[in-house]
Amino acid sequence: MHTRDGKPYKEYKLKAGTLTIGRRPDCSIQLLDDVTVSGNHAKVFISPNDYLDGLFDVVIEDQRSTNGTLLNDKKIKRHRWKHGEQITIGSHEFTLIDEQTRAFEQTNILLPDK
419 MHTRDGKPYK EYKLKAGTLT IGRRPDCSIQ LLDDVTVSGN HAKVFISPND
469 YLDGLFDVVI EDQRSTNGTL LNDKKIKRHR WKHGEQITIG SHEFTLIDEQ
519 TRAFEQTNIL LPDK
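FYI, the numbering for the sequence shown is 419 to 532, going by the numbering used here.
Everything labelled a hint here was simulated from the structure, so no lab data went into it.
Any given hint could turn out to be false.
[Claimed, not checked] Here are the simulated DSBU-like pairs of lysine-lysine, each with C-alpha atoms no more than 30 Å apart in a straight line: (1) LYS428 with LYS500; (2) LYS492 with LYS425; (3) LYS433 with LYS495; (4) LYS431 with LYS500; (5) LYS493 with LYS425; (6) LYS428 with LYS493; (7) LYS495 with LYS461; (8) LYS461 with LYS433; (9) LYS493 with LYS461; (10) LYS433 with LYS493; (11) LYS500 with LYS461.
The task is simple: from the sequences and hints, build the whole structure.
Laid out in structure tokens, this is it:
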């Protein structure tokens, strides 16, 4: 989920591969209207999980951007991005929403009374 100034902006469906984020016209996710975003700001690597079918591992890597890629207001270089974590690039926020993980969080187990 992509938000800007706290308001929903856009949603991206992730699939295995690499995404680029920045102001350059060849970036997968272009943030053209924000001068605090570098031309080639960050890369996102999405790969199938080695152990769980249908799940993906997501890693975000700053590409030596001028203003940095932030997780919880701290600059990161490379980070395994987990469900619910928010990454900030310029004035844009990206929250990873893993539908599989969200489904597990909503699963209730009912046990019989003793």
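Taking the hints in turn, this is what the structure says about them:
1. LYS428 with LYS500: holds, 19 Å
2. LYS492 with LYS425: Distance of about 22 Å is within 30 Å: holds.
3. LYS433 with LYS495: With Cα atoms ~22 Å apart, LYS433 and LYS495 stay inside 30 Å; holds.
4. LYS431 with LYS500: Roughly 15 Å between the alpha carbons, so the hint for LYS431 and LYS500 holds.
5. LYS493 with LYS425: Roughly 23 Å separates the two Cα atoms, so the pair holds.
6. LYS428 with LYS493: holds, 23 Å
7. LYS495 with LYS461: The hint holds at about 11 Å.
8. LYS461 with LYS433: holds, 14 Å
9. LYS493 with LYS461: holds, 15 Å
10. LYS433 with LYS493: The given pair, whose Cα atoms are some 25 Å apart, holds under the 30 Å limit.
11. LYS500 with LYS461: OK: LYS500 and LYS461 at ~15 Å, within 30 Å.
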